[in-house]
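Chains G and P, in that order, give the protein sequences. In terms of this note's numbering, the first sequence is residues 1 to 123. In terms of this note's numbering, the second sequence is residues 1 to 142.
No wet-lab data here; the hints were simulated from the structure. Because the structure is a prediction, the values reported are computed rather than measured. Backbone N, C-alpha and C fix where the C-beta goes; we use that ideal spot for every residue, glycine too. Treat each hint with caution, since some may be false.
[What the hints assert, rightly or not] These stretches of chain P come out as covered by chain G in the derived footprint (C-beta under 8 Å, 3 or more residues):
| # | stretch |
| --- | --- |
| 1 | 35-43 |
| 2 | 47-57 |
| 3 | 61-71 |
| 4 | 77-85 |
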Amino acid sequence: MPADEFPSVSETVTQETINQYADLSGDYNPIHVDEAAGAASEFGGTIAHGPIALQTFFRSLTEWLGTTAPPAGTTVKVVFRAPTRPGDTIHCELREREGSEIKAECVNQDGTVVIGAQASIPE
Amino acid sequence: MCPEEAPALSNTTYDELEVGSVLGTVTEPVGAELAGSLVGTIGDAGEAEVAPPAVFPVLFLKALRRTLGGIPNGGVLAKYELDFGAPLKTGGDVAIEVSIADKYVRRERPYVVVQFAIDDADGERALTGLKTIMWPTGPGER
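Just chain P, same shape as in the assembly (with noise of 0.2 Å):
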């Protein structure tokens, strides 16, 4: 593990982020490494042809960390949608799209849902994943 090699968490405030707004696209391999270590247990070496849907989640982080500087610090994962397209075929790249989907204050907690579009090599949709989180900030605060 080589935290002092990660990038700063983010600390993008609620009121920055704009519902609608693509924070950008990234492109990601998903080896077949990556995939056969969440097959199983995870971080146990497995094999995998597609992707198991554990692999998903690592994708959102990662993407994350790309187009806004990761989860802000204080951060809460509340939920995830998820709607599975083609299995994926591992060893390729996926393209991944990052919007922000939605944000709202429920019983005075803010909620920031981002979603990720993942499209396989082929372009043909893999996911479409919503991931709420709840923010450290709220409306007004930085």
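Isolated chain G, as found in the complex (with noise of 0.2 Å):
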């Protein structure tokens, strides 16, 4: 049964933590852990794996939920936005709910949306 509230996680990115990322998946691609190569993209910089920001959202569904995993049955549905980069502080915010359907949006620091998400959680 999910919380009144829905939980509003938030986490500071760090190139520390996309080098963590590039780990855990294998997944060193240059735009994220090559500084150099980040400075000479259309991105100025390094970003973030799609998944680093995603976390905050993943994290306050589970609170919300108050489990590890979602139900089976549980559909989210991601579009991503806009980049990540080291020092952006993401939030994840509720949008809309209706029952067990929520929309939130991750944000960062300046007030972009960097991710939209949807989740339908069976009742």
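Take the two lone chains, each set in its own frame, and fit them into one complex as the hints suggest.
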């Protein structure tokens, strides 16, 4: 049974976080881990793997549900809208809730929405 | 971090990917250490008897690397769609079937949709995931 309040988990992303995620996932794409390659890219620096910012949504969702994993039948849809850079602080904000269906956004310290996410939890 | 040990990034072109094709099925362990490091702040040691949702994007990346060589340089993650099955207990292996679910061009940008069907050691579906990637090459490009 979901809690009344949807938690707003916040995380600050560092280059160390990105390097740790590269180690966990094996994704050493230079745009994530090579500062020279990042500087030469359209982003002007390294950017985080998409799932790093998504972690604020996943943590908010599982804290809301009171479980480590969503129950069977849960669907989650995610749209990645903007890059996350080292030094960014991302938090998750609930935008809409209807029963056990929610829409949320992951937002950085400047108010830029980096991820839009929605989840449907079986009743 | 040992990037020099990482395989080269894929240079698979948009045209080389066939919708409906299965790229392969790989087996990956889902250990308590991996799950624990993804249950809270990424990289912090935690405990998890079942896999938190953040485990699945990691499995996507691992499976993509083994079946396709990874996401090509210049590829951009656009979307996920995750259908969760039975909670996945840690400490066992999963089988991940990787296939090309769709590809399309929208607003002059090419997209490839990769499907991951992840089954636990008993053959029970843990997750079906779709990952949409803005591909660095479009139709007719190399």
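Do the hints match the structure? See the list:
1. 35-43: Check passed, 7 qualifying residues.
2. 47-57: Per the Cβ count (8), the hint holds.
3. 61-71: Answer holds; 5 residues pass the 8 Å Cβ test.
4. 77-85: That given contact holds, which follows from 9 residues of the stretch 77-85 of chain P lying within Cβ reach (below 8 Å) of chain G.
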